[in-house]
Amino acid sequence: MWLETQRAFRATVTGVDDAIAPQAHSAHGTLAQRVAVYRNTVQQSLIDVLASAFPAVQRIVGVRFFSALARDFVRSHLPDVPQLSVYGVKFPDFIATHKRLSDLQYLADVARLEWARGESYFAADAAPLDLAGLAAIAPERLASVIFTLHPATRLVVSPHAIHRVWMVNQPDVVDVPAIDIGIAERVILTRPHYAVMVRLIAPADAAFVAALNRKLSLGAAAGEALSVDPAFNLQAVLQDHFIHGTFSTVQTE
Amino acid sequence: MSELNLKALAAAVAGAVAVASFAAPSFAQGMGDSKGKEKCYGVSKAGENQCASANGSHSCQAQSKVDLDGNEWKYVEAGSCAKMGGKIQAFQGKGTPMKKNGG
Numbered sequence: 135m136w137l138e139t140q141r142a143f144r145a146t147v148t149g150v151d152d153a154i155a156p157q158a159h160s161a162h163g164t165l166a167q168r169v170a171v172y173r174n175t176v177q178q179s180l181i182d183v184l185a186s187a188f189p190a191v192q193r194i195v196g197v198r199f200f201s202a203l204a205r206d207f208v209r210s211h212l213p214d215v216p217q218l219s220v221y222g223v224k225f226p227d228f229i230a231t232h233k234r235l236s237d238l239q240y241l242a243d244v245a246r247l248e249w250a251r252g253e254s255y256f257a258a259d260a261a262p263l264d265l266a267g268l269a270a271i272a273p274e275r276l277a278s279v280i281f282t283l284h285p286a287t288r289l290v291v292s293p294h295a296i297h298r299v300w301m302v303n304q305p306d307v308v309d310v311p312a313i314d315i316g317i318a319e320r321v322i323l324t325r326p327h328y329a330v331m332v333r334l335i336a337p338a339d340a341a342f343v344a345a346l347n348r349k350l351s352l353g354a355a356a357g358e359a360l361s362v363d364p365a366f367n368l369q370a371v372l373q374d375h376f377i378h379g380t381f382s383t384v385q386t387e
Numbered sequence: 088m089s090e091l092n093l094k095a096l097a098a099a100v101a102g103a104v105a106v107a108s109f110a111a112p113s114f115a116q117g118m119g120d121s122k123g124k125e126k127c128y129g130v131s132k133a134g135e136n137q138c139a140s141a142n143g144s145h146s147c148q149a150q151s152k153v154d155l156d157g158n159e160w161k162y163v164e165a166g167s168c169a170k171m172g173g174k175i176q177a178f179q180g181k182g183t184p185m186k187k188n189g190g
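If you read the protein sequences in the order shown, they are chains C and L. Position in the first sequence (first residue = 1) + 134 = this note's numbering. Position in the second sequence (first residue = 1) + 87 = this note's numbering.
Hints are computed from structural coordinates only; laboratory data are not their basis. Be a bit skeptical, because a hint or two may be false.
Claimed, not checked - Under the rule of at most 25 angstroms between Cα atoms (straight-line distance), these lysine to any residue pairs were calculated in the SDA-like manner:
(1) K94(L) x V384(C)
(2) K349(C) x A101(L)
(3) K94(L) x H211(C)
(4) K349(C) x V384(C)
(5) K224(C) x N347(C)
(6) K233(C) x F256(C)
(7) K94(L) x E387(C)
The structure presented is a predicted model; accordingly, all values stated were derived computationally and were not measured.
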């Protein structure tokens, strides 16, 4: 009985159904009216969490549409972990399959970029790569070293111009240029010190990072990058990754 | 490895290390105490704390359950911690944010 009541209350405050809606009246209105107060609080706080995790998505579709979209999501995706920073991980997929968003094919990937940014922000601390340690490795062994990506590193690859869309949907942007949405873009997110860096990278660089993430050796990953683009410049790319804290450790096999 | 010989790879790594060490010397020193930031206890709202509470009640970010808990910390600009009602050491109880305009 008690469990049933709890389930009914949960279903009601989360807006799944009106399980608790007997016509009990009191001086303070019907029970349904009184439960609605809780329902609004629960739903609105989850909607607010989504809005703060996906600000660019909210800007793109507008506050009112976003609220309706988030409310739909909340009804079908109740939090399964008591931690608000991980609520919304399924929101990009929800956007991808939403009927009314079929015109905005790029929107789900913009949401993935924003989610990756949050993950990067909340990822565990770790020291960045020890460059002196890397420099001490014998040159003939460098091709076989294996880099570990920093816990805060994320790679988002999209067939759409998600970096440009994300950039022009930042709070301080006034002039929005015309964007060719059909240009594929790859974005890497890293967190040197305490700010998340969002960088657009070349296709070969993305292939390089993806290969390193699969624990391929430096030599093999560079080979994959070169097969994407023969002009892949390993030194320039590594330099940027070192400066932006993409890696945390390097191991000789 | 056919596309990139060992010598070229080693040279690329050495060059990248040299430039990156020059461009970001602070990297070698790790991230334990970021320049211009300090750990500030008692100012984070529930769910907005950074990693590991001082009393071991949880291990990572955003797991705090109480606003302004004295065991919870977040990074703030150096020097601004006390101004926000927090302390740079963990303490029992809650932070006391000052009201705006002295009221």
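Proposed proximity, E387(C) with K94(L) (alpha carbon, max 25 angstroms):
Given pair K94(L), E387(C) holds - Cα atoms ~19 angstroms apart, limit 25 angstroms.
Within 25 angstroms, alpha carbon to alpha carbon, are K94(L) and V384(C)?
Holds - the C-alpha atoms of V384(C) and K94(L) are around 19 angstroms apart, at most 25 angstroms.
Check the hint pairing K349(C) with V384(C) against an upper bound of 25 angstroms on the C-alpha distance.
Roughly 11 angstroms separates the two Cα atoms, so the pair holds.
Hint check: K94(L) vs H211(C), CA-CA at most 25 angstroms. Holds or violated?
53 angstroms, violated
Taken at face value, is the distance from the CA of N347(C) to the CA of K224(C) at most 25 angstroms?
It holds: about 23 angstroms lies between the C-alpha atoms, which stays within 25 angstroms.
Measure nothing beyond the straight line between the CA atoms of K233(C) and F256(C); if it is 25 angstroms or shorter, mark the hint as holding.
31 angstroms, violated
Straight-line Cα separation of K349(C) and A101(L) no greater than 25 angstroms?
21 angstroms, holds
Consistency note: the structure conflicts with the earlier hints numbered 3 and 6.
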